[in-house]
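Engineer: Residue strings, one per chain:
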Amino acid sequence: MRTGWLDRNIKWAFTLPAVLFVLIMMAFPIAYTFRTSFYNWSMSAANPSTWVGLDNYRILLSEQRFWNAVGSTFYFTGLALALETVLGTAIALVLYRNFAGKNVAKTLFLLPMVATPVAMGLVWLLIYEPSIGGANAFLQLLGLKPVDWLGNPKNVIPSLAIVDIWQWTPMISLIVMAGLSTLPHEPYEAADVDGATGWQKLTQITLPLVRPTIMVAVMLRLIDVLKTFDIIYSTTQGGPGNASETLNIYSYVQGFQYFKLGMASSLLVMFFMLVMGLTLIFIWMRKRLGVQ
Amino acid sequence: MEQQAKSSKTITVLAWLIVLAFSMPFIWMILASFKTQAQIMSPAQTFIFKPTLKNYSAVFEQYNFIKYITNSLIVAIGSTLGSLLLGLPAAYAIARYRLQGLGLLLLVARIIPAITFLIPWFILFSQMKLIDTYIALILSHMLVGMPFIAWIMISFFDALPLEIEEAALIDGCSKLKVFLNIVLPVSGPGIITASLLSVIFSWNNFMFSLILAGEKTKTLPVAVFNFISYSDVNWGGLMAAACIITLPVLVISLVAQRYIVSGLAAGAVKG
Chain B
317 MRTGWLDRNI KWAFTLPAVL FVLIMMAFPI AYTFRTSFYN WSMSAANPST
367 WVGLDNYRIL LSEQRFWNAV GSTFYFTGLA LALETVLGTA IALVLYRNFA
417 GKNVAKTLFL LPMVATPVAM GLVWLLIYEP SIGGANAFLQ LLGLKPVDWL
467 GNPKNVIPSL AIVDIWQWTP MISLIVMAGL STLPHEPYEA ADVDGATGWQ
517 KLTQITLPLV RPTIMVAVML RLIDVLKTFD IIYSTTQGGP GNASETLNIY
567 SYVQGFQYFK LGMASSLLVM FFMLVMGLTL IFIWMRKRLG VQ
Chain Z
7 MEQQAKSSKT ITVLAWLIVL AFSMPFIWMI LASFKTQAQI MSPAQTFIFK
57 PTLKNYSAVF EQYNFIKYIT NSLIVAIGST LGSLLLGLPA AYAIARYRLQ
107 GLGLLLLVAR IIPAITFLIP WFILFSQMKL IDTYIALILS HMLVGMPFIA
157 WIMISFFDAL PLEIEEAALI DGCSKLKVFL NIVLPVSGPG IITASLLSVI
207 FSWNNFMFSL ILAGEKTKTL PVAVFNFISY SDVNWGGLMA AACIITLPVL
257 VISLVAQRYI VSGLAAGAVK G
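Chain order of the listed sequences is B and Z. The first sequence lines up with residues 317 to 608 when you count with our numbering. The second sequence lines up with residues 7 to 277 when you count with our numbering.
Read the hints as simulated data drawn from the structure, not as lab findings. From the three backbone atoms N, C-alpha and C, an ideal C-beta is built for every residue, glycine too. One or more of the hints may lead you astray.
With beta-carbon atoms standing in for the labels, derived distance ranges [claimed, not checked]:
| id | chain 1 | residue 1 | chain 2 | residue 2 | range |
| --- | --- | --- | --- | --- | --- |
| 1 | B | N468 | Z | D138 | 33 to 43 angstroms |
| 2 | Z | V261 | B | L523 | 32 to 42 angstroms |
| 3 | Z | L26 | B | N468 | 24 to 34 angstroms |
| 4 | Z | L110 | B | P503 | 26 to 36 angstroms |
Below, a list of computed lysine to any residue pairs in the SDA-like style, where the Cα atoms sit at most 20 angstroms apart [what the hints assert, rightly or not]:
| id | chain 1 | residue 1 | chain 2 | residue 2 |
| --- | --- | --- | --- | --- |
| 5 | B | K422 | Z | I258 |
| 6 | Z | K60 | Z | I234 |
| 7 | B | K418 | Z | Q263 |
| 8 | Z | K135 | B | I340 |
| 9 | B | K327 | Z | A165 |
| 10 | B | K327 | Z | R104 |
| 11 | B | K327 | Z | L190 |
| 12 | B | K517 | B | A406 |
| 13 | Z | K135 | B | M359 |
| 14 | B | K576 | Z | L130 |
| 15 | B | K327 | Z | Y62 |
| 16 | B | K327 | Z | R102 |
| 17 | B | K327 | Z | L166 |
| 18 | B | K422 | Z | T16 |
| 19 | Z | K15 | B | V410 |
| 20 | B | K327 | Z | Q106 |
| 21 | Z | K222 | Z | S132 |
| 22 | B | K517 | Z | I17 |
| 23 | B | K461 | B | P446 |
With the rest of the complex left out, here is chain Z:
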């Protein structure tokens, strides 16, 4: 008994040391975001320093981050809605009619390097004058979001009991109505999980925006490079910007941890 208590104490210490080690980059980012350039340069002020909010005000006032936050939100929400619209019915049909071949097709999107799509899109979107528009960004982000949402939802729909749907069909309900009025309302948890992760993937996506966005539609991951000029790096501003980009994702993940963890596990194991 005593030995067990001791071993669980060792495990507690070890586990929290691991968590602390993996949290260090976040701690470093947050601390530096409240420091002046001089404080960042001074090793004596690593943990104890007089915090400043100057970096954050610079991010919003000089670097106009409200615009990039808006762009990121439009693209993330737009591409997630589009992905749900295409992905939910497809996932339902694949789950109910066992269309495994189509399920596999969705997986190919995961294996192919994304730049393979980017060259043709860049050419196509240039010709259609769609570079630097939300449409181009939303469509490209949907390519990550839609297969992911479909993949999570296939296993979710698979696990739903068939009885209620069958009863409704016998009562003369059309299949479309069954899907809209019976299946979707009970699929809330699955849809929340899939949507949250789709929003996060889009929010984090860098490569598509790097090539398809311009001054007007630049999203946060591209805008953050404004802090690096050829001569030097504005470290405090850069870290404040990194916090502004990362913290929403981290907070969502902590608040909705139940959904996020199950989604990541399902997406990883199945995907």
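One chain only, chain B, in its complex shape:
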């Protein structure tokens, strides 16, 4: 009779373990982090945690370093996302065409997104090395002056954005290519009859039709670029100074280098709300653009 019970309740019996796992491993930690954000706690027996209300938030919001992290997060995200979108769409339009060795080329092109980010961060550390790295060797080949890629506070965010662009442009291309493969033939046939040029077909048929797909790709990247951790940690750890310290890196430093768990928690609450807020704004914008 056990199977009879299971059969009647299979809907819940099948989902319950996964839901419990998610609740215990996710919902509980979120609630706990939220609670910790109102405490002063440094994980030592000598200093038990004390309720400080909104103090952690107040301190952070008045701190130069916090706003610097906000700025770095936006700068890095905006730069990487804009270039990935343009480049990813352009490359998708090329790789979508038929050419010799298309399948092999497409797979090779997708490899950066499955390569271990930390390992690749360290490879880029060598590439960016001012005297022996490949990046400056390439500039020299073009007759340009060498650049201090990661050591100069002015260059470090664009340099890191290049790594992200290298690793994740393929994802935008992959999604856009999937979108391109679903486009209807009729508009192109009609355009051919009207004698449209290739450029006109691209800007007036292809791009408007794949725009919804591009928007999905951009939203997914937005969520992930904001949270970039591995490549920054493995190359600069937020430096030089705090020049490449994004909110994610700063939270890590507060939590696991200073062990200020209360402060780190309030930082994370704000960071989480920022990611959530930007995602919702993006979904709302997409809906509005979709209606027009």
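Go by the hints and put chain Z onto chain B.
Structural biologist: The following block gives chain Z in isolation, referenced to the frame of chain B:
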């Protein structure tokens, strides 16, 4: 006709130039892994040099990488099996009974910054004396793997025709049996896709291991930092280690490209 052939030649050249540009960091990594420190320093020996295997032997002998490879494998396979165990039935129920709300819950895992979970886990696992154990690492990696596997499988199960299942139910088969004996066997391609990517995500994961692993359970992405000391960097060894970490993933992706590409596309578009 002639113009078309010319344009396709241009496309071929352009496409392969793009691929070459994106492959440069891999080429650089592989070349440097076969160089001595002196060869890495010398611009004259960028592409032409006498290769050495010393870096690779150092990685295994001095830096004890067999242990870290084993750790990474245990965590990747363990967390993927756990994720399949929880994720497959959940995905099936969500697909068949249209439990969209639960599907959304799985998505939240993707939006929240992972460190948000790490502070409570770190505290909890410390109190339970689970820091530096495989259990802590496997559980944390499952948080990435399980929602991903469920998400891929929901759309896979959705696309399966219902007729066979209904016929089996009419014949008196229990729903559990239908799932185990009929649905799972035809879901091979979906399960392979989801599992491969779950293994890769776990293999690549850095942050969870950085905080929850110790000397005993350190995985490869954390162990690779052993090559960087305060005074200098052992570039050749570092690149050999980077190759050892990355190449399995790259080879799997090339061999199983059909699964990997469809999984990445499905995970990206739906996730």
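Engineer: Next pair to validate is K222 (chain Z) with S132 (chain Z); report whether the Cα-Cα distance is within 20 angstroms.
Structural biologist: 15 angstroms, holds
Engineer: Sort out whether I258 (chain Z) lies within 20 angstroms of K422 (chain B), counting only the CA atoms.
Structural biologist: 15 angstroms, holds
Engineer: K60 (chain Z) and I234 (chain Z) were given as a pair; does the straight-line alpha-carbon distance stay at or below 20 angstroms?
Structural biologist: Judged against 20 angstroms, a Cα distance of about 17 angstroms means the pair holds.
Engineer: Quickly compare the C-alpha distance for K517 (chain B) and I17 (chain Z) to 20 angstroms and report which way the hint goes.
Structural biologist: 17 angstroms, holds
Engineer: Given the hinted pair K576 (chain B) and L130 (chain Z), is their Cα-Cα distance within 20 angstroms?
Structural biologist: 16 angstroms, holds
Engineer: Is the hinted pair K461 (chain B) and P446 (chain B) satisfied, with a Cα-Cα distance of at most 20 angstroms?
Structural biologist: 11 angstroms, holds
Engineer: K135 (chain Z) and I340 (chain B): Cα distance at most 20 angstroms?
Structural biologist: Holds, at roughly 18 angstroms.
Engineer: Can you let me know if the beta-carbon spacing of L26 (chain Z) and N468 (chain B) is within 24 to 34 angstroms?
Structural biologist: Given range 24 to 34 angstroms: holds, Cβ gap about 28 angstroms.
Engineer: Are the Cα positions of K418 (chain B) and Q263 (chain Z) separated by 20 angstroms at most?
Structural biologist: Roughly 13 angstroms separates the two Cα atoms, so the pair holds.
Engineer: For the pair supplied as a hint, K327 (chain B) and L190 (chain Z), confirm whether the alpha-carbon distance does not exceed 20 angstroms.
Structural biologist: 17 angstroms, holds
Engineer: Keeping to a limit of 20 angstroms between CA atoms, is the pair of K517 (chain B) and A406 (chain B) held or broken?
Structural biologist: The hint holds at about 14 angstroms.
Engineer: Check whether the Cα positions of K422 (chain B) and T16 (chain Z) lie no farther apart than 20 angstroms.
Structural biologist: 17 angstroms, holds
Checked against the numbered hints given earlier, the structure breaks only hint 15 and satisfies all the rest.
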